[in-house]
Amino acid sequence: MQLIIALALWGLVGALAIGTRRRTDQSILYAAVMIAVSLTLNIDAVYFATDGLLGGRNYADLPANLLLLLGVYFLSRAILRASSPKRARAADRPFLIGAIVTASLMVTTFVFIDAPTSSGSFMKDFGHQPAAAAYSVIQFTYLGIVVALTGTICLRFAGRMSTPARRLGFRIVGAGCGAAVLTVLSVVGMDLAHVFGAMPLVALFASAYNVLNTAAILLLCLGLSLPPILGWVSKRIDRRNLQGVLPDLTRIWNDVSAQHVELGDETYRHTPGTASRDVDTVVHRTLVEIRDALLFDPRARDRLTDEDLALLTATETHIGAQSASA
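Quick note: this note's numbering has the sequence shown finishing at residue 369, numbered continuously throughout.
Keep in mind the hints are simulated off the structure, nothing from the lab.
Where a beta carbon is used, it is the ideal one built from N, C-alpha and C, also for glycine.
One thing to keep in mind: the hints can contain errors.
Stated by the list, open to error - Now the in silico label distances, taken between C-beta atoms and shown as ranges: (1) P207 - V154: 20 to 30 Å; (2) L148 - L46: 22 to 32 Å; (3) P243 - G202: 22 to 32 Å; (4) G54 - A353: 36 to 46 Å; (5) F155 - D68: 48 to 58 Å; (6) T324 - R294: 36 to 46 Å; (7) K129 - L354: 37 to 47 Å; (8) D87 - W275: 29 to 39 Å; (9) G202 - L244: 48 to 58 Å.
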């Protein structure tokens, strides 16, 4: 299960990397990398190898959890900025202060945990210690508050997103945040039950945690990866469609600009597309030059059929819709 979660997170990193050029703020990608590294360290083989390099006393657990803390902070901030910039500004300072205070308390409590040997189940082996329980409860309380607020705002503002993919993505993220809140409650319940020696409750909360944690991670990864993946697919389809209409546009361009070429007008002494391999740019420039030619010589319109005019209108509408959703 740890491997599946890690693979899902690295898949999210790959999906977010698709839209790197279009995003000015890359914090959501950096957050995904931090969370992916953190949860990759939960894989036993990776954890034991890393902890062995640090002395074999579970020192690797602290940086792994601090990375998770920072990753969730940056991820929530990025999601809030995308959904409601006003709410993001209001929450940014409290979230940051909370992250700093939580990290400081985690480091402090970790010092008092007696964990002399590497363990692939840190809280199961050492969670009976009050310091270990405090270490976990402090971390997950902060995470629970952050994801609860983030999920609430995602669901509230999902309908205002600019594209269907983003609207669906934000709703799935909201559901993932809900599952994450329940995961936090199961962890806190597990920690408290362990300290007080209520082992049947520990087993009950552990069973809930396994299901809820997996559901939360998979929902969050799906919701966050949908917009860039669907956007990439949509752009590929759009480019293929534009590539398909380009020969007809070139023919129309030749028809309406032929007279100007014969008169020696330098504006039309080239073939559309010779200066760029970007079909979006080529099609847009060709449309502009066709409209310019028609304005310069309205009689050139007589050379075009109704199908030609319909193609021009449809392509212009499509290009405009692309620009509006970018």
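Here's how the hints hold up against the structure:
One distance hint, 20 to 30 Å for the beta-carbon pair P207 and V154, is violated here, with the actual separation near 50 Å. At about 31 Å, the beta-carbon gap between L148 and L46 stays in the expected band of 22 to 32 Å. At about 44 Å, the CB distance of P243 to G202 disagrees with the hint of 22 to 32 Å. About 42 Å separates the C-beta atoms of G54 and A353, a value consistent with the hinted range of 36 to 46 Å.
Checked against the hint of 48 to 58 Å, the C-beta distance between F155 and D68 comes to roughly 38 Å, which is inconsistent with it. At roughly 19 Å, the beta carbons of T324 and R294 sit outside the given window of 36 to 46 Å. The hint said 37 to 47 Å for the Cβ distance between K129 and L354, and at roughly 43 Å that hint holds. Between D87 and W275 the C-beta distance comes to about 35 Å, which sits within the given range of 29 to 39 Å.
The given range of 48 to 58 Å is broken by G202 and L244, whose C-beta atoms sit roughly 40 Å from each other.
Of the numbered hints listed earlier, those contradicted by the structure are 1, 3, 5, 6, 9.
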